[in-house]
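*Asks:* Chains as they are written, first to last, in the numbering used here: chain A, 17 to 295; chain Z, 847 to 1106.
For the record, the hints were derived by calculation from the structure and aren't laboratory data.
Cβ atoms here follow ideal geometry from the backbone N, Cα and C, with glycine treated the same way.
One or more of the hints may lead you astray.
Derived CB-CB ranges, DEER-like [as the list claims (entries may be wrong)]:
(1) P955(Z) with L97(A): 52 to 60 Å
(2) V96(A) with P876(Z): 29 to 37 Å
(3) D929(Z) with V96(A): 23 to 31 Å
Some residues of chain A that are not near chain Z, with every Cβ distance over 10 Å (derived) [to be verified]:
(4) R39
(5) R82
(6) W99
(7) L128
(8) I183
(9) P217
(10) M226
(11) A233
(12) I271
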Amino acid sequence: MDAQNSAAGNQGEVIYRHTGAVRITHWINALVLLVLLMSGLQIFNAHPALYIGSKSDFDAPVFAMRPIMHDNQIYGVTTVLGWDFDTTGVFGLSGDAQNGYEYRGIPSWATLPGYQDLSMGRRWHFFFAWLFLFNGLAYLLWSLGSGHLRRDLAPSGRELKHIGASIWDHLRLRFPKGDDAKRYNVLQKLSYLIVALVLLPLMLATGLAMSPGMDAAFPVLLDIFCGRQTARTIHFISASFIVIFVVVHLVMVLITGVWNNVRSMITGRYVIAPAEEKS
Amino acid sequence: MSRERRLDRRGFLGNGLAAASATLLGGCDPMSEQPWVKRILDSAETLTRVTQRALLSPSDLAREYSEAEISTEFKANGSTDPDDDAYKAHAASGFANWKLQVGGLVGEPLALSLDELRAMPSRTQITRHDCVEGWSCIGKWKGVQLSVLLERARLKPDARYIVFYCADDLGETGTEAGKYYESVGLADAFHDQTLLAYEMNDHTLPIPHGAPIRLRVERQLGYKMAKYVMRVEAVDSLSPIRRGRGGFWEDLGYEWYAGI
Chain A
17 MDAQNSAAGN QGEVIYRHTG AVRITHWINA LVLLVLLMSG LQIFNAHPAL
67 YIGSKSDFDA PVFAMRPIMH DNQIYGVTTV LGWDFDTTGV FGLSGDAQNG
117 YEYRGIPSWA TLPGYQDLSM GRRWHFFFAW LFLFNGLAYL LWSLGSGHLR
167 RDLAPSGREL KHIGASIWDH LRLRFPKGDD AKRYNVLQKL SYLIVALVLL
217 PLMLATGLAM SPGMDAAFPV LLDIFCGRQT ARTIHFISAS FIVIFVVVHL
267 VMVLITGVWN NVRSMITGRY VIAPAEEKS
Chain Z
847 MSRERRLDRR GFLGNGLAAA SATLLGGCDP MSEQPWVKRI LDSAETLTRV
897 TQRALLSPSD LAREYSEAEI STEFKANGST DPDDDAYKAH AASGFANWKL
947 QVGGLVGEPL ALSLDELRAM PSRTQITRHD CVEGWSCIGK WKGVQLSVLL
997 ERARLKPDAR YIVFYCADDL GETGTEAGKY YESVGLADAF HDQTLLAYEM
1047 NDHTLPIPHG APIRLRVERQ LGYKMAKYVM RVEAVDSLSP IRRGRGGFWE
1097 DLGYEWYAGI
């Protein structure tokens, strides 16, 4: 597929798709989010249960990963809103009967560090949280100042009206070609906007709402998110949505020409596939 | 050492997981062990502390809750029953002969019985206790404001930190070196909600929660709030104490500033 795309690309027009600011902040963000996710899961493992409200009702978490004993047999159980799922070997209990089990929420390969160490997880998390803040602010200020937000990301009324057609094209894996491929399509625009303006700022705000120091300085954080434990739950849900976005994003990069996409995010240059027909 | 114990646990992982973690994290786990990596990561703690100090005015209070919001089950973490002969003897007699020592850089060292502490002006507050692990519980605390004690002991101007020495040997070393200790700076020491609490939820402070007194520092995480406090000492530097990081958990790698 890669070769096919390159071959097709050779006949296409080369455009300058991503500015330096987008490319640099994109790659910093990719690294920072990976470290924040894995160190965040390390922190989550210290108490792998989520609650609603100001305090933890230990008997009624809305979400939990834990080992339980049943008929002299140990299981890893994931509880979601009262429903129990057997996740032995993955969530709540790592390992297997032959090599031994380890009590942990998220398995070792997904946490930073891999071994259980809350203090190291916190160090990685808070250092990279500052990088995330600086990088995110730089991106947002630049996007506003340069017109990137208005020009490249804000969908027009016409685009929004035809969102149904765009969804239908995506479902059939038909992607814009020719002039239409020179800009983001409406689904791209909306998903990038939701991530950049909703999910990522939400991560920061819910993260700060978990800080007893910030809660004293800005008690409104507790009101916005309905209590510290709800903020922690939203932090986890929002992170999950970002993971889903990244998975879909990577799949789209793969199926729409991996080399062309990756090169455009490194050098800025992107090859437009010629339009088959004008619609 | 605890690090070795943690590494041993990795040996119990399933082959698949171990292989995956070795491949994916091969670069990261050794990095977490490097002193220079720790130093760089630690710089964020300073940035967080300076930023939060700038945003927090001395009069900013942690949120106080209503009676109805008090947790029915308040988790007791860390030590829950100190295995120390002197402590056990005091506990058996209801701490009748126990005295809190206040010393170090003070004009007038104090030794106060529980009755004397109770006779001093008190503050009662219903606050949220945020554990570094992630959970929160709400409890009602009554005690003496640390500022009142420090004023009575006439804190000297060169004092910069207040250190709390505790009865519990959380490090299980069987010596003084394993006992819990904590420290706060003067901003927190003189904060209105910083108490040496002797009552929890309208009852005498129970042993699992730190009898006879525990520290409350409401704008920081739970591990700052030392239980079983025996001695309060004013100092000008934390570096000569134990490993020099200002507390039991701090010496094991946790942040001294636990506002986040």
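*Asks:* Evaluate each hint against the coordinates.
*Replies:* Hints versus structure:
A hinted range of 52 to 60 Å holds for the C-beta pair P955(Z) and L97(A), which are about 56 Å apart. Between V96(A) and P876(Z) the beta carbon distance is about 36 Å. The supplied range of 29 to 37 Å therefore holds. Our hint of 23 to 31 Å for D929(Z) and V96(A) is violated, since their Cβ atoms are close to 40 Å apart. A cut-off of 10 Å between C-beta atoms confirms that R39(A) is not in contact with chain Z; the least separation is 24 Å.
With a closest Cβ-Cβ approach of about 13 Å to chain Z, R82(A) is found to remain outside the 10 Å limit, as its non-interface label requires. Against the 10 Å criterion, W99(A) stays outside the reach of chain Z, whose nearest CB is about 22 Å from its own CB. Residue-level check failed: L128(A) sits 6 Å from the nearest beta carbon of chain Z, not beyond 10 Å. The claim that I183(A) is not at the interface with chain Z holds, since no C-beta of that chain comes within 10 Å of its own (minimum 34 Å).
Every CB of chain Z lies more than 10 Å from the CB of P217(A), the least distance being 18 Å, so the non-interface label holds. Once the 10 Å rule is applied to beta carbons, M226(A) is inconsistent with being away from chain Z; the minimum gap is 8 Å. Residue placement check: A233(A) does not keep its beta carbon more than 10 Å from all beta carbons of chain Z (closest about 4 Å). Interface exclusion of I271(A) from chain Z stands, the closest Cβ pair being 24 Å apart, more than 10 Å.
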